[in-house]
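Number of protein chains: 2
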Amino acid sequence: MEERKTTLNELDMPVVEEKSLPEAEHLVKLIDEKKYSEFVRLLSDIPVADIAEIFEEIEGKYRTVFFRLLPKEIASEVFVEMDSEYQEDIIASFTDTELSSMLEELYLDDTVDIIEEMPAIVVKRIIKASTHENRAIINQLLRYPKDSAGTIMTTEYVRFRGSMTVREALDHIRKVAIDKETIYTCYVTDAYRRLVGIVTAKDLLISSLDTELSEIMEDSVVFVNTVDDREQVARKFEKYGFLALPVVDAEHRLVGIVTVDDAIDVIKEETEEDFAKMAAITPTETPYLKTTAFGIFKSRIPWLLLLMISATFSSTILNRFEATLAAVFVLFVPMLMDTGGNSGSQSSVTLIRGLSLGEVEFSDIFRVLWKEIRVGLFCGVALGAVAFGKVLLVDGLIMNNPTVTVEVALIVAVTLALTILIAKIIGSMLPMVAAKIGFDPAVMASPFITTIVDALSLVVYFFIASSFTSP
Amino acid sequence: MEERKTTLNELDMPVVEEKSLPEAEHLVKLIDEKKYSEFVRLLSDIPVADIAEIFEEIEGKYRTVFFRLLPKEIASEVFVEMDSEYQEDIIASFTDTELSSMLEELYLDDTVDIIEEMPAIVVKRIIKASTHENRAIINQLLRYPKDSAGTIMTTEYVRFRGSMTVREALDHIRKVAIDKETIYTCYVTDAYRRLVGIVTAKDLLISSLDTELSEIMEDSVVFVNTVDDREQVARKFEKYGFLALPVVDAEHRLVGIVTVDDAIDVIKEETEEDFAKMAAITPTETPYLKTTAFGIFKSRIPWLLLLMISATFSSTILNRFEATLAAVFVLFVPMLMDTGGNSGSQSSVTLIRGLSLGEVEFSDIFRVLWKEIRVGLFCGVALGAVAFGKVLLVDGLIMNNPTVTVEVALIVAVTLALTILIAKIIGSMLPMVAAKIGFDPAVMASPFITTIVDALSLVVYFFIASSFTSP
Numbered sequence: 001m002e003e004r005k006t007t008l009n010e011l012d013m014p015v016v017e018e019k020s021l022p023e024a025e026h027l028v029k030l031i032d033e034k035k036y037s038e039f040v041r042l043l044s045d046i047p048v049a050d051i052a053e054i055f056e057e058i059e060g061k062y063r064t065v066f067f068r069l070l071p072k073e074i075a076s077e078v079f080v081e082m083d084s085e086y087q088e089d090i091i092a093s094f095t096d097t098e099l100s101s102m103l104e105e106l107y108l109d110d111t112v113d114i115i116e117e118m119p120a121i122v123v124k125r126i127i128k129a130s131t132h133e134n135r136a137i138i139n140q141l142l143r144y145p146k147d148s149a150g151t152i153m154t155t156e157y158v159r160f161r162g163s164m165t166v167r168e169a170l171d172h173i174r175k176v177a178i179d180k181e182t183i184y185t186c187y188v189t190d191a192y193r194r195l196v197g198i199v200t201a202k203d204l205l206i207s208s209l210d211t212e213l214s215e216i217m218e219d220s221v222v223f224v225n226t227v228d229d230r231e232q233v234a235r236k237f238e239k240y241g242f243l244a245l246p247v248v249d250a251e252h253r254l255v256g257i258v259t260v261d262d263a264i265d266v267i268k269e270e271t272e273e274d275f276a277k278m279a280a281i282t283p284t285e286t287p288y289l290k291t292t293a294f295g296i297f298k299s300r301i302p303w304l305l306l307l308m309i310s311a312t313f314s315s316t317i318l319n320r321f322e323a324t325l326a327a328v329f330v331l332f333v334p335m336l337m338d339t340g341g342n343s344g345s346q347s348s349v350t351l352i353r354g355l356s357l358g359e360v361e362f363s364d365i366f367r368v369l370w371k372e373i374r375v376g377l378f379c380g381v382a383l384g385a386v387a388f389g390k391v392l393l394v395d396g397l398i399m400n401n402p403t404v405t406v407e408v409a410l411i412v413a414v415t416l417a418l419t420i421l422i423a424k425i426i427g428s429m430l431p432m433v434a435a436k437i438g439f440d441p442a443v444m445a446s447p448f449i450t451t452i453v454d455a456l457s458l459v460v461y462f463f464i465a466s467s468f469t470s471p
Numbered sequence: 001m002e003e004r005k006t007t008l009n010e011l012d013m014p015v016v017e018e019k020s021l022p023e024a025e026h027l028v029k030l031i032d033e034k035k036y037s038e039f040v041r042l043l044s045d046i047p048v049a050d051i052a053e054i055f056e057e058i059e060g061k062y063r064t065v066f067f068r069l070l071p072k073e074i075a076s077e078v079f080v081e082m083d084s085e086y087q088e089d090i091i092a093s094f095t096d097t098e099l100s101s102m103l104e105e106l107y108l109d110d111t112v113d114i115i116e117e118m119p120a121i122v123v124k125r126i127i128k129a130s131t132h133e134n135r136a137i138i139n140q141l142l143r144y145p146k147d148s149a150g151t152i153m154t155t156e157y158v159r160f161r162g163s164m165t166v167r168e169a170l171d172h173i174r175k176v177a178i179d180k181e182t183i184y185t186c187y188v189t190d191a192y193r194r195l196v197g198i199v200t201a202k203d204l205l206i207s208s209l210d211t212e213l214s215e216i217m218e219d220s221v222v223f224v225n226t227v228d229d230r231e232q233v234a235r236k237f238e239k240y241g242f243l244a245l246p247v248v249d250a251e252h253r254l255v256g257i258v259t260v261d262d263a264i265d266v267i268k269e270e271t272e273e274d275f276a277k278m279a280a281i282t283p284t285e286t287p288y289l290k291t292t293a294f295g296i297f298k299s300r301i302p303w304l305l306l307l308m309i310s311a312t313f314s315s316t317i318l319n320r321f322e323a324t325l326a327a328v329f330v331l332f333v334p335m336l337m338d339t340g341g342n343s344g345s346q347s348s349v350t351l352i353r354g355l356s357l358g359e360v361e362f363s364d365i366f367r368v369l370w371k372e373i374r375v376g377l378f379c380g381v382a383l384g385a386v387a388f389g390k391v392l393l394v395d396g397l398i399m400n401n402p403t404v405t406v407e408v409a410l411i412v413a414v415t416l417a418l419t420i421l422i423a424k425i426i427g428s429m430l431p432m433v434a435a436k437i438g439f440d441p442a443v444m445a446s447p448f449i450t451t452i453v454d455a456l457s458l459v460v461y462f463f464i465a466s467s468f469t470s471p
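Residue numbers (my numbering), protein chains in the order written: chain A, 1 to 471; chain B, 1 to 471.
Heads up, some of the hints might be wrong.
One copy or two, either will do: identical chains are not told apart, so a pair holds if it fits within one copy or between any two.
[To be verified] The calculated lysine-lysine pairs, modelled on DSSO-like cross-linking and capped at a C-alpha distance of 30 Å, are: (1) K436 - K277; (2) K277 - K236; (3) K390 - K146; (4) K29 - K239; (5) K436 - K290; (6) K390 - K298; (7) K239 - K72; (8) K175 - K202; (9) K436 - K371; (10) K35 - K371; (11) K61 - K239; (12) K72 - K35; (13) K72 - K180; (14) K236 - K72; (15) K61 - K35; (16) K146 - K239.
Because the hints were derived from the structure by calculation, they are not lab data. All figures in this text were calculated on a predicted structure; none of them were measured in a lab.
Isolated chain A, as found in the complex (with noise of 0.2 Å):
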């Protein structure tokens, strides 16, 4: 094996080696040094949002002569790839007409992106700065709903009628696919706009020249409203593995396309927020490294807020029960609310994914319940024997305390169990009541499950042990 490798190395020929990305320092002295040849062809063939990360890291002052340095290509790629606050500074930094020039090298889906990103006053600039036929367009693309198919999808897609013969196809394919965010997936449509078909780059290349569109297209295609939730659009690239999705409105004519990259990132960015808010943390875009500690306590003290408020009925009936019960049952409490709050939150996230993948539905709701009732019965007598040896064993005999009797371990084991049972119920049944009535089920998460289950265990807890030792 290693005496191969040498074979092939000695032989000298040009293998392609993973570029090592130059160093930020060592382009920073280059800036200093005005060598600025060296500097572009070190930073030339560097994928762009390789090159984006270092111009994150240099030092703020060599920013703006960084990117004026890159091929005015390379710039607007750069550009789309950076984070806002960076593309904020570098619009200030530029003349109108600097702006314009850059914004035609971008595609218009990025430069919505951008837009809403920025504070009303740079939206103005970069609308000003465009063309008019953009403006247009950008101006529709901005009124789509908040996180619908319409503010995801680009205009720039290749267009054909269904008369045109592959010939011809390929001819208007060479002319325009420099403009094209894809050209792989072609669309068919008719006179009024609407969509009848698509024809794949594939398609195109293994038939004959003279075949009609018409006869070689996909008549039945799956597409997406310009009001479908993103979310929405992201699992049909899962389900499907498309490359793009086309876009159509309420008169089902085409008007842009959904292209894999970009569904892509509608997954990562709504896997983010789901995390986030399953943690109870309000999500941002920002990386956490970037984000300054008070940023970052502004986005966690509401829920902490909030939930330590709601732990007040905890507190409530264990002052209500406290005088009337023997010390010993207040030793279980971490044990019966850790429990529960576990129990709880597997049902709650196990049912936040299965409703946000589209594997279970509101109307499953007696399914999962029956089901999620089984498993709590499962779990509630597994635990609860368990439990019961546990609290008999360890807290009795090995920590020597005489006030844990057999009576003790069984109230203990009956409330596990009930506690658990209870737990997997609302766990799952919060989220599909959520999800019903339009909120987000990912709230329903850990934090609120174990808040609601805490204080409800407690109360199982000495309603049992009160019934069993009263006289």
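Once you've looked at the hints, dock chain B against the given chain A.
Then chain B, alone, in the frame of chain A:
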């Protein structure tokens, strides 16, 4: 608006409509009545992912007939889409010849995916039924480490020599396109099959026919290694927006490609795995509604048990301190535990995601620690202040409990602030340390963090309470 719609529809042109899916019951009726051509007509032009869904819905005894009625090329695609339990049934109903003929239709990466889910006896049949050439490739693919790029790549890609002209390349594509998973990104290799560049179908379409590929190919290529983790591969798709990525072996020879649809599947699977682990559930790939109650029980019980046993620490601590302290302090145990748990899980989920997305690395540990300490102080002071007021007002005045004094409120507030600080530190550090020592950070989420923080917050609480109140 309404008027216009009517006008367009009255033109009665062939407009694409989302084809409504046939009902499973209706299809079963057609099979019963032997109306096979009607059956085939109804399923024509339906996306295979939808056919697979209908297939899984119908009654078991109809499935073999259903599958055999599908046209051959569609049948194999539907087969790939269905759950492995159904695949196993279908294979069992096949003769060896039928199996061979279906395997011919499959892409090799799909065959390998299927093999990985089958019991040994079925695997043997599949390998035996494959052609001699494919058998060697399948065996090679099966040898790559679990979850590596090698296991998700396909070996069916288009490969050129740099000396070929665009015309030759297009002719070659025309011949082989039907068997290749993508023709939109093609690969240029040298005499030793080492990757030297990529050419896109777009490049081919817009270049003149006599150009040599070496002139138009991109020779700086992002690639992955066969042994790279599949999650890293998926992150590269997210970052760069590619349609396919080449996979090379240790000697830089091109051995396969990963296509974007497979990358999306990986993103989906890895995300769901993380969600499951963070809710203390053993990840499974079966959708919720298809899993039996006992199956769900099995994926949830080990973690519940482990966490319940760990909660013993908390009772031990309560046991130790309870006798020495005033009963009033017990009232605030749930609020302290819940708020501590929530604070900790906010930090842990943030860091788990940051690590998973590659935004945070182990070397950032001190920056993270310093950030979390500040966030913890902000949150601790804010919530401590609110808690102080709330304890005095709600638990003291409104609940009319004379044992809730200013001193008690102060002790609760200080404990709460410290608990939050500790929770933030533990919640952020455990995932980082886990990643460093090769554990999956996702396991260090709410349930574990809560259990640890619970015990620590009790220690802090009783320590502070006893030092304040002892003479």
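Each hint, compared with the structure:
1. Proximity of K436 and K277 under a CA criterion of 30 Å is satisfied in both settings, with 18 Å inside one chain copy and 26 Å between copies.
2. Taking CA atoms no more than 30 Å apart as the test, K277 paired with K236 passes in both settings, with 24 Å inside one copy and 26 Å between copies.
3. Taking the closest pair of Cα atoms, K390 and K146 never come within 30 Å of each other, the shortest separation being 53 Å inside a single copy and 38 Å across copies.
4. For the homomeric pair K29 and K239, the shortest alpha-carbon distance between copies (27 Å) is at most 30 Å, but the shortest distance inside one copy (49 Å) is not.
5. In the homo-oligomer, the alpha carbons of K436 and K290 lie at most 30 Å apart only across protomers (22 Å), although the nearest pairing inside one protomer, at 36 Å, exceeds that limit.
6. Taking the shortest Cα distances, K390 and K298 sit within 30 Å of each other only across copies (21 Å), while inside one copy they are farther apart (42 Å).
7. For the identical chains of this complex, K239 and K72 are inter-copy neighbours only, at 21 Å across copies versus 38 Å inside a copy, given an alpha-carbon limit of 30 Å.
8. For a Cα distance limit of 30 Å, the shortest separation of K175 from K202 qualifies both inside one copy, at 18 Å, and across copies, at 11 Å.
9. For a Cα distance limit of 30 Å, the shortest separation of K436 from K371 inside one copy, 19 Å, qualifies, whereas the shortest one across copies, 39 Å, does not.
10. With identical chains, the CA atoms of K35 and K371 are never at most 30 Å apart, being 69 Å at best within one copy and 38 Å at best between copies.
11. In this homomeric assembly, K61 and K239 come within 30 Å of each other (Cα to Cα) only across copies, at 26 Å, whereas the closest approach inside a single copy is 46 Å.
12. Only within a single protomer do K72 and K35 lie at most 30 Å apart by alpha-carbon distance; the minimum there is 19 Å, versus 63 Å between protomers.
13. In the homo-oligomer, the alpha carbons of K72 and K180 lie at most 30 Å apart inside one protomer (18 Å), although the nearest pairing across protomers, at 36 Å, exceeds that limit.
14. In this assembly of identical chains, the alpha carbons of K236 and K72 lie at most 30 Å apart only when taken from different copies (25 Å versus 35 Å within one copy).
15. Proximity of K61 to K35 under the C-alpha cut-off of 30 Å is restricted to the intra-copy arrangement: shortest distance 17 Å within a copy versus 75 Å between copies.
16. For a Cα distance limit of 30 Å, the shortest separation of K146 from K239 qualifies both inside one copy, at 23 Å, and across copies, at 24 Å.
Hint violations for this structure: numbers 3 and 10, all remaining hints satisfied.
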